[in-house]
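Asker: Sequence order for the protein chains is A and B. Going left to right, the first sequence walks through residues 1 to 288 as my numbering numbers them. Going left to right, the second sequence walks through residues 1 to 297 as my numbering numbers them.
Incorrect hints may have been included.
[Stated by the list, open to error] Once the Cα atoms are required to be at most 30 Å apart in a straight line, the calculated DSS-like pairs of lysine-lysine come out as:
id : chain 1 : residue 1 : chain 2 : residue 2
1  : B       : Lys235    : A       : Lys200
2  : A       : Lys140    : A       : Lys91
3  : A       : Lys108    : B       : Lys273
4  : A       : Lys91     : A       : Lys276
5  : B       : Lys254    : A       : Lys108
6  : B       : Lys235    : A       : Lys140
7  : A       : Lys276    : B       : Lys235
8  : A       : Lys105    : B       : Lys222
9  : B       : Lys237    : A       : Lys105
10 : A       : Lys108    : B       : Lys62
11 : A       : Lys105    : B       : Lys266
12 : A       : Lys24     : B       : Lys222
13 : B       : Lys222    : B       : Lys266
14 : A       : Lys118    : B       : Lys254
15 : A       : Lys278    : B       : Lys235
16 : B       : Lys237    : B       : Lys254
17 : A       : Lys206    : A       : Lys24
If you're looking for bench data, these hints aren't it; they were derived computationally from the structure.
Listed below are the residues making up each chain.
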Amino acid sequence: MEINRGEIVGLIGESGSGKTTLGKAILRLVDIYKGDIYWDNVNVTRLRDGKLRTLRKDFQLIQQDPYGALDPRMTIYEILAEGLRLHKITKTEEEEKEEIYKILKVVKLTPPENFINKRPYELSGGQRQRVVVARALLLKPKFIVADEPISMLDASTRGQILEFILEDRQRRNTSYLFITHDISIASYVSDRIAVMYLGKIVEMGKPEEVISEPLHPYTQALLQAVPIPDPEVGVREPNIRGEIQSPVELPKGCAFYPRCPFAKDICKEREPELRKIKGDHYVACHLY
Amino acid sequence: MLERGDSLGIIGETGSGKSTLASAIMRILPDNATVSGSISLDGIDILNMDKDEFRRNIRWKKISIIPQYSMNSFNPIKKVGEQLVNIILEHEPNTDVHSAVERVLKLFESLNLPPEVFQKYPEELSGGQRQRAVIASALLLNPELIIADEPTTALDVINQAIVISLIKSRIIDTGHSLIYISHDIAVVAGISKKIATMYAGEIMELGDSIRVFKNPLHPYTKGLLASVPDLRYGKIKRISYIPGDPPDMAMNFKGCPFAPRCNIAKDICRESKPELRVIEGRLVACHFADKEVIKNV
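Work out the full structure: start from the sequences and follow the hints.
Answerer: Here's what the structure looks like:
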């Protein structure tokens with residue numbers, strides 16, 4: 001999988017699909033057993049310590065839990081200053097303060113004076129998430145992994161975080177991996193989407209194509225299951241069997257075999273490879 | 001007011017009071033709660049009814065609830081079937097065990113639960129199965145009204161769709177009345193004939209779903225609907241948001257609770273709380289709702 005400069009790739013999957021692990025692996029927050037990760041053509045798979053740290057400021061994370069992501073004993077100012085100081089980005093205290101005030105204005109926590117001395121528990125969930133976003137943007141990274149950045153927020157406040165991400169991409173050509181279980185949000189914000197099932201990418205392509213012509217039976221079931229905010233559409237039942245299995249003991253062959261309404265014998269024997277079908281649209285399925 | 005066979009969806013965010021409303025109807029609010037107003041079922045005041053009478057005759061029998069986090073509401077050390085049979089035996093003491101077991105198994109079948117589930121412990125079931133077992137418990141005594149409070153929290157999208165589909169076919173289509181509470185507008189849209197939006201403990205708008213979605217009259221409802229993604233429109237429909245945050249319910253406020261975030265709020269909104277009134281066949285709590293009607297015509 002590649003993520004290009006200035007591109008937002010949406011990674012869609014359920015709990016246990018491996019999407020968070022993939023996001024963390026890309027950022028070298030988990031150890032990698034097999035495979036390689038390249039940042040700007042540098043193989044970072046086994047980089048350590050100092051060398052890794054120098055690169056780290058270019059690759060940031062926005063986590064899903066605004067309550068767990070911020071140190072409750074630090075003030076908002078200290079939380080934001082930490083990254084600046086670690087990577088020695090600003091030279092003076094005035095510069096540091098200026099950068100922090102600027103980013104607080106970007107995420108609309110204004111006036112900044114009202115927030116810098118507060119501690120996380122004094123802010124609402126939405127405000128805390130804006131601090132998490134500010135912290136990631138402050139270091140002006142080239143690439144951000146946003147792991148379910150809006151799932152824990154009230155519906156009426158989510159659009160604001162999406163706007164920050166889209167604006168940041170527009171302004172600084174930042175690349176994003178936007179991880180979510182919500183295919184509606186993913187298709188809204190992403191240039192390309194990838195659907196994951198039990199640790200594998202099963203389909204990938206432009207959202208318009210994947211949604212209008214879903215190739216993989218899992219993607220099809222997912223799209224049938226997504227609720228549409230229109231009372232005239234009503235409720236639809238997805239064409240899928242059984243329950244999701246544990247990722248621990250996967251049999252050989254396609255991981256989706258037990259639930260697939262179109263399963264054939266070959267699906268039980270051989271794992272399908274992710275192959276290009278047309279243009280940017282890839283699928284891992286023996287039906288094609 | 002909810003009529004027999006109606007399905008009412010209540011949409012609300014943090015602090016909206018939607019779950020508190022459900023607890024109030026079921027009379028399971030904590031002891032230090034003060035309740036005012038009235039709740040009647042079929043003309044009978046159930047809010048002020050004697051607690052024991054409510055427990056014996058109303059709860060489970062006339063009104064049942066699928067509570068939030070209900071997946072965890074089973075007793076972990078008893079088998080699922082046994083717990084359900086006990087609900088029947090406690091409320092219908094003249095029933096024999098055999099028929100109670102039959103009823104449970106029949107209900108399982110209608111919910112696509114394999115009969116083996118009867119002998120299993122709650123944690124041996126998958127999330128989706130546990131949630132369907134909870135729905136079975138709510139249907140056991142064939143109540144008239146079922147309250148579902150975020151019944152699909154913690155389920156993946158596919159299981160959510162399966163559960164909602166079953167709620168429609170086994171609760172709504174069979175003539176039960178349903179109050180479906182959720183923060184997920186898309187889910188509520190699919191399953192409710194009427195919807196209500198709640199904010200800071202108050203109903204902001206209540207009316208026929210199709211009409212409210214097509215033409216929301218309350219600024220909060222408008223803002224909410226504009227902030228929901230719609231897969232059919234991809235990037236064409238801009239996902240907007242309501243600035244600010246849901247209210248801190250520990251504070252008392254004067255005037256309309258939505259005023260601080262409302263884009264059409266005027267002085268009167270901060271001074272006096274708008275009453276729910278009938279406009280265009282629905283209830284709206286906004287000083288300017290009728291102006292919205294004129295604007296949208």
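Asker: May I ask which of the numbered hints given earlier this structure violates, with the numbers listed in increasing order?
Answerer: 4, 10, 12, 16
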